[in-house]
Each structure stands twice: as structure tokens, then as C-alpha cells.
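Chains as they are written, first to last, in the numbering used here: chain A, 858 to 1208; chain B, 3 to 619.
Heads up, a few of these hints could be off.
Claimed, not checked - Keeping only pairs whose Cα atoms sit at most 27 Å apart, straight-line, the calculated DSS-like set for lysine-lysine is: (1) Lys354(B) - Lys483(B); (2) Lys407(B) - Lys1183(A); (3) Lys500(B) - Lys1198(A); (4) Lys1187(A) - Lys425(B); (5) Lys609(B) - Lys1198(A); (6) Lys1198(A) - Lys1183(A); (7) Lys609(B) - Lys500(B).
Hints are computed from structural coordinates only; laboratory data are not their basis.
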Amino acid sequence: MTYLAKPRLLLADAPKNALGYTRRDYEGAISTLCAGCGHDSISAALVQACFDLDIEPHRVAKLSGIGCSSKTPDYFLGNSHGLNTVHGRMPSVLTGAALANRDLIYLGVSGDGDSASIGIGQFAHVMRRGVNMTYIVENNGVYGLTKGQFSATTDLGSKNKRGVINSDSPIDLVALALQLGASYVARSFSGDKEQLIPLLKGALRHRGAAFIDVISPCVTFNNHPGSTKSYDYVREHNEAVNRLDVILPRDTITASYAAGTVRRVVQHDGSVLHLRKVGDDYDPTDRIEAMNHLHERHALGEIVTGLLYVDSSAEDLHRHLNTVEKPLNKLGDAYLCPGSKALDALNASLR
Amino acid sequence: MNAMKTALQRCNDFVIKFANVNGSGSASANDLFARAIIRMGVPVAPRNIFPSNIQGMPTWYEMRVSAAGWLGRRGGCDLMVAMNPQTWDKDVAELESGGYLFYDSTKQLPRSKFRDDITVLGVPLTEMCNREYSDARQRQLFKNVMYVGALTALLAMEFAEVEKLIGEQFRGKDKLISANINALKRGYEYAREHLPCPIGLRVERSDQVGDRIFIDGNSACGLGAVYGGATVAAWYPITPSTSVVEAFTSYCRKYRTDPDNGACRYAIIQAEDELASIGMVIGAGWNGARAFTATSGPGISLMQEFFGLAYFAEIPAVIVDVQRGGPSTGMPTRTQQSDLLSCAYASHGDTKHVLIFPEDPYECFELGAQAFDLAERLQTPVFVMTDLDIGMNDRLCKPFAWDDKQRYDRGKLMTYEALEAGKDFGRYLDVDGDGIPYRTIPGTHPTRGAYFTRGTTRNAYAKYSEAGADYVYNMERLRRKFDTARSLVPAPVLRAAKEPTTVGVIHYGSTSAAMEEASVTLEAQGIHADTLRVRAFPFSDAVLDFVAAHEHVFVVEQNESAQLRTLLINEGEINPKKLIRVLHYDGTPITARYIAAKIADALSERKVTSIRKKVAT
Chain A
858 MTYLAKPRLL LADAPKNALG YTRRDYEGAI STLCAGCGHD SISAALVQAC
908 FDLDIEPHRV AKLSGIGCSS KTPDYFLGNS HGLNTVHGRM PSVLTGAALA
958 NRDLIYLGVS GDGDSASIGI GQFAHVMRRG VNMTYIVENN GVYGLTKGQF
1008 SATTDLGSKN KRGVINSDSP IDLVALALQL GASYVARSFS GDKEQLIPLL
1058 KGALRHRGAA FIDVISPCVT FNNHPGSTKS YDYVREHNEA VNRLDVILPR
1108 DTITASYAAG TVRRVVQHDG SVLHLRKVGD DYDPTDRIEA MNHLHERHAL
1158 GEIVTGLLYV DSSAEDLHRH LNTVEKPLNK LGDAYLCPGS KALDALNASL
1208 R
Chain B
3 MNAMKTALQR CNDFVIKFAN VNGSGSASAN DLFARAIIRM GVPVAPRNIF
53 PSNIQGMPTW YEMRVSAAGW LGRRGGCDLM VAMNPQTWDK DVAELESGGY
103 LFYDSTKQLP RSKFRDDITV LGVPLTEMCN REYSDARQRQ LFKNVMYVGA
153 LTALLAMEFA EVEKLIGEQF RGKDKLISAN INALKRGYEY AREHLPCPIG
203 LRVERSDQVG DRIFIDGNSA CGLGAVYGGA TVAAWYPITP STSVVEAFTS
253 YCRKYRTDPD NGACRYAIIQ AEDELASIGM VIGAGWNGAR AFTATSGPGI
303 SLMQEFFGLA YFAEIPAVIV DVQRGGPSTG MPTRTQQSDL LSCAYASHGD
353 TKHVLIFPED PYECFELGAQ AFDLAERLQT PVFVMTDLDI GMNDRLCKPF
403 AWDDKQRYDR GKLMTYEALE AGKDFGRYLD VDGDGIPYRT IPGTHPTRGA
453 YFTRGTTRNA YAKYSEAGAD YVYNMERLRR KFDTARSLVP APVLRAAKEP
503 TTVGVIHYGS TSAAMEEASV TLEAQGIHAD TLRVRAFPFS DAVLDFVAAH
553 EHVFVVEQNE SAQLRTLLIN EGEINPKKLI RVLHYDGTPI TARYIAAKIA
603 DALSERKVTS IRKKVAT
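Starting from the given sequences, assemble the full structure and let the hints guide the process.
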């Protein structure tokens, strides 16, 4: 029941960020998802990431498609405008919104059915266009809202509640995003907020198409022993390539880091990504390496998580289109209408 | 051939048709010819009849020369410029008795290939070109210019006007100018020396064109979008709408480039399909930018789900539908008015949409620009319904006009100041009783005015609700809003008959040119009819009053199932027996002859012999 507003309990000593907001200011309505749903952890991580980054909630636009995951934007950032679009079409609507106002932060929330099945076309094209956005797939490998059908990310051989074995090859959206030109590609796990929150922060500060595949077990339909998207399976098979810290430009960067274990990546806005390596010689700025690593580990039954690829000098769609700095939705009549004199001249040329 | 006795004798009133092979470069030569006649002050109405193909298929350019100013298709052909051997037999057969056949006489053709009742005009174009040019492309292109030269002589046109136009067309490219003029001269001189110039068909300088301009509807729609303040366009290529966004692009480059840094005050995306196109338009509209897409029937089918979202979530959007022959892939390069129902009731559930019907490029510009005001005022998709006939043919029309004092109507926007002052904001609340709620643009206020937009049901404050009362409130408000639209959309245009009459004719869009001529034809037969050109759906009271005021009401349309008539019956609760169908749907533009004959026949069947007498008694 998403119309239930969350009771406003203000703790006097609740921590505030630089804008004077508490975490509560970044929350939304009460979630109506099943208790223990991985998606709620992702919402909580988003709240934390936006709070930590001192993002003004109304400067965020959150868009989604249809499905359990797409309901979540109602459960965080209640002071942001949200748009729950049609199934699989969030990317196009977000693209249009981003074209209209380049100054907002765009958050696209989708699921594996919404992005890998019905919406795979729009997913592909929004990545290759470099729309400046954070695209999150809350990936549970199952259709939750329609009660447990296989999705396109369900692993081969995965068993559903009725014991049916999935015989279709799964789509790895991370591999696709890498191939399609996304400039920030990561994977995480809803149950690992220490990894997820910094990845979200890095994505929110990234200019260009940032994609995060978040494995998010469905407690009702896909958290059983046969599933490769269950809590237990992911915890056992998770191979993290790095640990990420995001340091904002205004902070004095004093963190000491030992050569060879930490990699520093400066993004376009000056924010610094510190990648604490846990994998072997993993280079997140090499797209080919990222693809190879992903496939090699996949062959070993491992799920690679962490920041797999980042191009800190990426350009976004607005740069490609050379649009004016001022948001298009704020251009007044005088900037848009050529007026009667221009029309008279045009008329004359048409005789 | 002893046809000269009966050869057609007409000045400034005939139909000439060019039968070409597509991809042969004939289009620009034919265009040059049409413009030269306009420069001589004589109205012309050209139409491309072309295949869905790039090279090698037959294509025709049919041009009506009419001092009376009739811009609809007349039907028939008085002078055939037969440049395509593939269609020779059909082209020759199509000529009116006493007509003229112009052809490339390089190769001798047997007598059986001609007709006895026509005048044959042969010019050895290929031979002349082969002699003159060595390059194969030049031989082809200049052949076209050469026949324009020959026709200039045959029709007694002013050579200097054609010459001047070539100069304007290739301004700054002197080499091209002299080469083209040379080819023009060759054709002109050959005709003067070897053929009986002028023939019975002639063009004489006149002053019937006035200040009118000559442009296609798609370009006018693109220009209308620039003037209407559109900043976002998303589209997917589809005939016959492609040139709408192409024109928008070039007008934006011209008028919307920042003079200081060359940055663009617009964003245009060629999307991956029509679904993405309309999705982008809706996203931009939700975020406060004016946005549009241009498409045709198949695109409209693909966009259906999104139309429902925009309707229900109340997001402004403008859709230009350049209609073509349906259903399915149908006739991609032929014209029809067959998307009315699929647009008026687009998407599942109870939906109704605003449709606008421009008649020509002038209205494509004017109503096209206005559509953006309407979409924001009504917070809903607005469909600009043109068709291939208007969209892809150059048409003489009134010059475009713009009042610099007018400002864009952004509709009911909740501002930062209003929110700050604590004004109650219910996104779907009917504050003013007109069904139109207030909206906020994302990012307006830090703590107030945000809401979750969705296609699911909600209460007046945009909170998810499956409560029956909330749903009914919303649907009733949407109905009220649609009713409000009736007074905001462009009003119908009435043309009263010279005498009181019980006969009324309703028509819309590209039919108007043929309809006006048909009215005059009927008048000459003693049949008087008031005509009403409907310019929008929902229908204003004036439309329903017109139906009520006439005993016999014809509805003239270019589709098979009488779609406007269906809308009239459905929305106006009109007795179907009262509305008589006049339907033309073979893919060619409707003609005055066709309309006049259908109406005259139907009236005589109904034994309405003398309208005048009946009204008088």
C-alpha cells in the first residue's frame, strides 16, 4: 500500500549533512515489497548515498519502468519528482527528461524483466547514447509481481518453485553495458551495502551512462537453494574486483594509500574514486580487460562485483548534441521563437 | 496523325504529367518547371506519385495548372511527358482525347505505340545529350533540364523566368548555372525549330499567385515546431513523415544556434524505434520542455501504450501524424486519412485524444505551432493529423504569419512562489472546474510540489489509490477536461452556399482544395451546399449545430470506413442515417470531379432534385 506515508519521527540528534538535511529527508513512502526484499536494501543504500553526497533531493529525478523494482522510487527521495513509466521504457522517458533539463541528476530504476526482457532494446540504446544517468537494475532473476516466472537473467539450469529448470541462456547486462559503451559499469549485491553505497556514489557523480547491476534476491520466489540469485549463492560465489571509496572534491584528500593496492580515478567533477584492490591486477579503466575478466570468472561460476569499468573522461549525450548550457526547459520565448521578421524573409524565399 | 483539329486548346488551365523513373534526377527539373509557371503568376498544384523505392521504379509528377486557383487534383491528363518506357502504354492511354504526348524520339517507335486522337511531340533527348555530354550522370541529369527547355517553348513560357530560377537555384556555383542554362537552351531551341510552338496548351503571364508561398506541409510542420517553441524532437524514420524532423533540424540550425558559441537551443534524437521516440517526447514534456515526434500509421500503432500513459498521467506531447495508406504497411507512398480512429481513441482503457486537421502548409505551420500551446494548456497529447498529400507535395498557400506579441501558453504551472506561499497542490485536483489540474516541473521547490507520476490510478494528490471513488473522480475530471478542449481547439470553417440550402458537406484536412472546387461545380449544376471544414476533434458546438441545421449531410473523407463520420455519430450522438458517406481511398488524392459526382448522384437518388426550389417553397 504505497499510499501510506511514513510517520515523521524526528530525532533531535539525527545526523545532518552539509545541507542540514537528515537521512529522513531522503526517504520516501513505506515500502510495500515483501519483508526481506533485496530491493529495500538498495533503496536504503540510495538514501545513504544521496545523504552522504549532500544532493538536494529536488535536484534528482527518479524514473522507473514496471515491476517490483520499478515501484521502489516511491520508497526513497520523497522530495524528488518521480515518473513510473510503462514496462521496459524507462530509458527513453529518462532520455527525454534529461534532454529537457541537463541540470538534474537522473536515476533510472529497473529490474531484470524490465531491462533484460521487454526493455532490452531501450536499455541498449540508452547505454550507447551516453545519457547522463545512473541506471540501476535490481536483478533478482525472476518476475516477482506476476509471481515467479523466469526472467531473461535467470541462470541456465536454475530451478523455479515448481521445479521447472530454466533452459534459456541468461543475459548478463553488465557484459552488454560494457560492450554498448556505458562509461561506468559496476555490479554489486543488495546485501553488501559497504560495497553498494560507494558504487552508487561514484555512479551519481559520474557524467555519462553509469550502469549498476545489483543482484537482489527475491525472498518470495527466488531465494531457494536452486537459485543462483539467492542470498546464499551470491555470498558464496561473489568475487569482488575492488573496494570503492568516493571522495568529494571539497574534502582534503589525505587518505594514504599504498602503491599497488589502491587506484585513484578522478572523475569529471573532481570527485575521486579510490579503488581498493582485492582482485589480481584488475584495471578498471580497460574495457577489454573488464570484459575478459567478467567472462573468465563467469566460467568459474563466480559473480564478479565491484567497479568493473570507468571512463572518467567520458562525454554525455548533451556534449554530443552540443546543446546550450542552460536547460532547454528554461529557455524563454525570445530564445526559441525566431519572430515575424525572420518569417517574412523566409516567406520571400518561398516565392 | 490528324489530331490537330481536335487538339485541346487551353490557356493556364490544364494538367501535365511527367512519367519518370525514380532516381533519375527528374524531381528537381520538374520542380523548376512548376516554379517557373508560378513566377509567371499562374497557380500550379503539383503532386508526386512515387513508389516506396529509391531507384528504378516508375514515378510520376502530376501538375495542375489552374488560373482559377484550384489546387486539388483534377483527374485526367492533357500533356504527358513520357520519359519512362516501362509505363509507356499506361501513360499514353491516360491522355485525354485531344491531348499531347511529349517523348524522347531518339528511338523510333512503331505507330501502334501511339494514339490517333493525340498530338505527338518528339525530341531526341538521348541523342542530343549523348552528343553534348560524355559523362553518364550528366547525360541523365541534363536530359531532364532539356525537356524543361523544350516544354518552355511548346507552352510559350517565358524563357527568362526559367533561366532566372536556375540562377537562383545554383547561386554561387557559376559552372552549374551555365551548364544547366545551356541544356535548357538546347531543348528550347530544338522545340522552336522542329515542333509547332506553341501547342494548344499555353501558359500566359497572369497575376493569380499574389503573395502566396510554395512549400510542402512537412517543412511547414517542422517550421511550426520551431515557432511553437519545441526544443526536443525524437523520431524514427518513416515515410511520409521523415521530412518533418529533417525540416525541423535545418530550421533549428538556422534559427536556434546560439550566435555566441554555436551551441544548440534544441535536441533532436533519431530514436531506435517509435516507442522510444514517443517515450522521449513524454519524458521531455514531463520535465517542462516542449517536445514532439513525427510519424505515420505504423508508428502510431507502436506508440499506443505510451499515448495512454501521457493521457492518464497528463503529460503534454505533440505528435505529427502524416497519414499514409493503411492498414499494416499498406501503401507507404500513397495518401489517406485513415488514422483518425486509432488516434482519437488511442491506447487501452477509456481514452480520448485531441486531433487537429490542417488543410495545407499554412495550417501545418499555424496549427502545428498552436498544438504546443494546446498540449501544455490541456496537459495531454495533441495529434496534428496531416497526410502524404499535404506533407510531401509543394503547395501554394498563404504566407506564414506570426504575431510577435503572442507568448507561449505554458498552461497551469505551479510556481516556486506559489508553493513557497503554501498554496495547496494536488496534482490531479480540479481547482478551477475545467478539469485541468496544476502541475509542477521537477526541481521547482526543495521541499514542496514533488509527486510521483504514474500510469496507475491515484487520488487527486497523486497518491496511489485503487479506491473506486478516487478513480471515478479522476475519470470524470478527464472527461471535463476533454469538454474544455472543445472550446480551445481550432474552430471549424464554414463556407455558406450562395442560396439557402438543406444540403451540408463536412470535410477536413487535405480534402479542402478539391472540396472548394466541387462546391463551385455543384453550384453550376444548381446544387447548393454549405460546407464545413472541421479542424479539430473534439467537435465544437458549431460542428454539431451544422449537422442539426441541414437535412442532408455529406461527410467527405479519404478512408474506407468513414472515420470522421464514426466520430460524429459516436461523439455527437447523431443519427447515422443523416450522415451520407463520400469516401475515396485508392491512395490518390481525392478530386473535385469525384466529390461533385458522388454528391449529385446521392441527391438524385434521394430525389432531392432542386434544392433551391425546396428551400424557397
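**Request:** May I ask which of the numbered hints given earlier this structure violates, with the numbers listed in increasing order?
**Result:** Those not satisfied are hints 3 and 5.
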